[in-house]
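Asker: What follows is the residue order along each chain.
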Amino acid sequence: MINLTGIDKYYDSKFQRSFVLKGINLHVKEGEFLSIMGPSGSGKSTLLNIIGLLDKPSEGQYTLFDKSVLDLKEKEMVDYHRHFMGFIFQAYHLIEDMTVVENIETPLIYKGVKSRDRKAMVADLLDRFSMVAKKDLFPQQLSGGQQQLVGIARAIVGKPKLLLADEPTGNLHSSQGEMIMGVLDELNKEGMTIIQVTHNERFAEFGKRIIRLEDGYLSKL
Amino acid sequence: MIRHFFINMFRNIRHNKVFTLINLGNLVVGFAVFILFSVLVDYELSYDKFNTNYEQIYRVQTRQEDSYPINYCTYSPPAYRYHLLSDLPEVEKVLLMREVSGGAHGSGQFFTLPDGSQLNEQDGYWSENTIFDIFTVPLIEGSKQNALTEPNTIALSETLAKKLFPTGSATGKLVTIGKHYPLTVSAVYADFPLNSSLRPTYMVSMPTYDILGDGPQYRDNWRQIQFDNFILLKKGADPEQVNAKIRDAFKNIKDYEKSFPYLHPLSKHHISPNSQGDMLIGLAILSLAAVLVLILACVNYVNLSLANSTQRSKEIGIKKVIGSSQRFLAYQFLAETVLHTLFATLVALFVAQAALPLLNRIMEKNFDLSIWSNGTMLGLILLVSLLVGVLSGLYPALVISAYNPVKVLKGKLFSNGGTSFSVKKVLVVAQFSISLFMLLVSFILYGHVNFILNKDLGFASKNILYTEINVHDTTDFETIKNRMLQHSEISDVAFSSTIPFIGNIGGYISWEDGAPDDRVMVSRNYVNYDFIPTYNLKMVYGRNFSREYPADNQACIINETALKVFGWKDPVGKRITLYGRAYPVIGVVKDFHPYSVHNLIPTYVMFLNSNVISGSSLISVRYTSGSEANAKTIVTRELEDILPNDPFEFKDFGVAFYLDYAIGFWQTMKRMFIFFAVVTLFISTIGLFGLILFTVRRRTKEIGVRKVLGSSIITVYWQLSSEVIYMLGFAVILGCPAAMVIYKAMPGAYKEPLSALVFVAGILLIAVIAQLTISYHVLKVAVSNPVEALRYE
Ligand SMILES: Nc1ncnc2c1ncn2[C@@H]1O[C@H](COP(=O)(O)OP(=O)(O)OP(=O)(O)O)[C@@H](O)[C@H]1O
Ligand SMILES: [Mg+2]
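Chains A and B, in that order, give the protein sequences.
Here our numbering is used: the first residue of the first sequence is 496, the next is one more, and so on.
Here our numbering is used: the first residue of the second sequence is 49, the next is one more, and so on.
So that you can see chain A by itself, here it is in the shape it has in the complex (with noise of 0.2 Å):
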């Protein structure tokens, strides 16, 4: 489904050129759980991002599905974000003035779901994680994993094909990121190619498959 070919990503500042990532392949089926690991700084983030078409690489090949995503109209990657891909942040990244279904909903609003479909949509997914009783608490009303529950249910309820997660459970304490592991897990199982980076060894031990990054270079152990 992905493929990455040669990505280079730097950024050029005075009379320097630093490389974030160097010479990147990768190759991510469908229905994969991919895990990535990797010291501080070694450009995690940044193959996330890029994945996630919100970054650009400076050199390389991109396609999804065997096509070339590198050079997307605005229009044709708010599609993409819309209808095929769903984030999931390590700072959960709600919208504080936006209760917990609104929050879950917003995605639906982008694409166009009616009324009617989007509250049963979102109603399934608060039942699922068990949240129906929190659905008008605010953001901040919330514990961490209770936050994070929220932004997964945002970022699957459109049914994406792709769920990129960012050290979703680095905010979190051991129980509750076995919990939010265990949901990706799940998902997965029900068809969803998920990645994620992650510090933790024993949660990336979840994913199918765990690659490296050492400095910007892809270190397959």
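Don't read these hints as lab results, they were simulated from the structure.
Any given hint could turn out to be false.
[Stated by the list, open to error] List of simulated lysine to any residue pairs, SDA-like, C-alpha gap at most 25 Å:
hint : chain 1 : residue 1 : chain 2 : residue 2
1    : A       : K609      : B       : N56
2    : A       : K609      : B       : R59
3    : A       : K629      : B       : N60
4    : B       : K65       : A       : L632
Once you've looked at the hints, dock chain B with the ligands against the given chain A.
Answerer: For chain B with the ligands alone, coordinates are given in the frame of chain A:
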């Protein structure tokens, strides 16, 4: 989707209460001022348009090209009516009017009330019956066919009729005008509306004038330029054609060859009665100020929106990641701004309506306006509001929606400036420039009005009482004078045909050594021996009129301006010629201001009167300082004793001074601009407050992290201050020349030279406000706990 949008907006407002309050308050004030002024300008332009025929109504005025500057006299001679206008095919109706006891003084008349007391009514006219055909004047009693056709009849305005006849109808009853003359009330008409430039309180029929005056021969008079000639043109008639036909009317009138009749449309009577742009310039300056205040509010809005967007940037980043398009976000922002402005406009409408009494006080007007009743106006204001919303929303919407989500979510947005920063600087410079400009113009106007009010007029204007009086029985003035001078409180008494600020008698003269064709329009005054000492005029050559020289009644005294015009080296003994008669000059008075300082000092000539008072005159009294209270009682009692049958009323000279059109105009301008300056300072302080609040907030975290609170606070303080001073510098470059342009454009014959102090004061005031705002915010951060600062974001 819509619901989502509104929820989002309201949550945002709740979340950013301070911001919303500041920004909406700023818009409300901006719009309220703009609305007030739109209403005001609309009102000023609405004058006389209530007349159904107003587009066809003209006053035929007289342009006197031999006076300097060219005099556009609103008055005209009665001959226009009888020998110029009545036979023109383009003219449907003609109307001859004259102010009652008008011409020289333009004052009112006294009515005797049933109980014998006197009622002074201004703005009475002699008028022909055609006034009812030309102007739209509804009658309450009587008939339009013969309201003013019969001799010895008078038509009363509703208000005056109520005063004279509190109960029952007025028609058919007798009123006594002056203490002598009975007239029959023929009609009662509805008061002319406030926005009418012609507002007679009563009208006496023209046939009465024939009887009371010297008979109908006045109809052939081309020189008595003291009447009002109105015409109603036929539909479709070209006023220019009429102008061309009447242009040479004075060709054969000796001494008046350089006078020309011209049509002055009714629509311009109020704004520019004597074809001068003064009021128009004033109105333009005020409108400019109102528009600038609105622009200032918009600039503030844009600035604050951008500043606040740092708070919202995370939200935008997230929304983009979860599939919102940039365009949608831009629309959302734009819609939000438009809603803000529309809401602010709505509130501003209420504020403006509530502030109308304030405007009335400032303008000394009597608007009874309802903003809500003027549909076109409301529509226009909403349109402007929409436009303002789109304009001030567009830029922030584009900038904010273009945020890169990766950077925003990392919190990196403002670590490196980018282009939006310079635009923001431009906006702040605009804000400073407008504020500075408004402040400077206020200072300039303030200075100018003080100059006009306080400049030495060149004569004693303090401790003067004056009265207009129409004396029926010829009386030797010495009697009056001696009676009054018996009181130690009274130091001088004089009588004359005009006094400074009251009355003007024109006339063409030629002078010795002048070219045969040289003629100049002068202001004439017929004075008695005591006029020059009473007003403390200084002689620069020769002497005052004196009883010791019987020939003085054939002599004259001129002013310095006249001396300059005539170009004489040695004026005493030279001659001037008026209406074919030569008068030797016996003295020259130092220039004084017979009219307000707004006007040029005219060439001025005084002749000696007979010292016998009869007909319409002005009596002036100078009292010793400290006896203000007594003096009026004394002279009133004495004069009443001598002239029991002639009504009069002594007034302080200050009254005459403030009756002056230009003085009123400038006082209004001054008050308006002070109002504007206050609003401007208020809005820019709000803007600056918000802007710096957000800058400081952004740096709060940084300050907290460093923990070396003292030093970093000072760094932030200096950084902010130097940035502000730098932008203020640009504002000085823009604002000061713009203010100078206004100074140049200001109408007025005399202006005080611009003082550098004005500029220094304006710049300092803005700088101080900016510094205070910075200090306030930085101090607030400085005294707060660094740990708290860290928790901020
Ligand atoms: N705009 C930029 N300019 C220059 N260097 C940058 C920029 N953005 C990121 N980098 C650098 O890229 C490198 C990789 O960053 P990235 O966020 O991908 O690391 P990471 O592996 O996710 O680290 P962490 O585990 O701490 O999240 C870092 O060294 C960072 O300094
Ligand atoms: Mg990272």
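Asker: Hint by hint, note whether the structure agrees.
Answerer: Hints and how they fare:
As the CA atoms of A:K609 and B:N56 are separated by approximately 19 Å, the hinted pair is consistent with the 25 Å bound. At roughly 23 Å between alpha-carbon atoms, A:K609 and B:R59 fall within 25 Å of each other, so this suggested pair holds. For the proposed pair A:K629 and B:N60, the alpha carbon gap of about 21 Å is at most 25 Å, so the pair holds. Simply put, B:K65 and A:L632 have alpha-carbon atoms about 21 Å apart, close enough for the 25 Å limit, and the pair holds.
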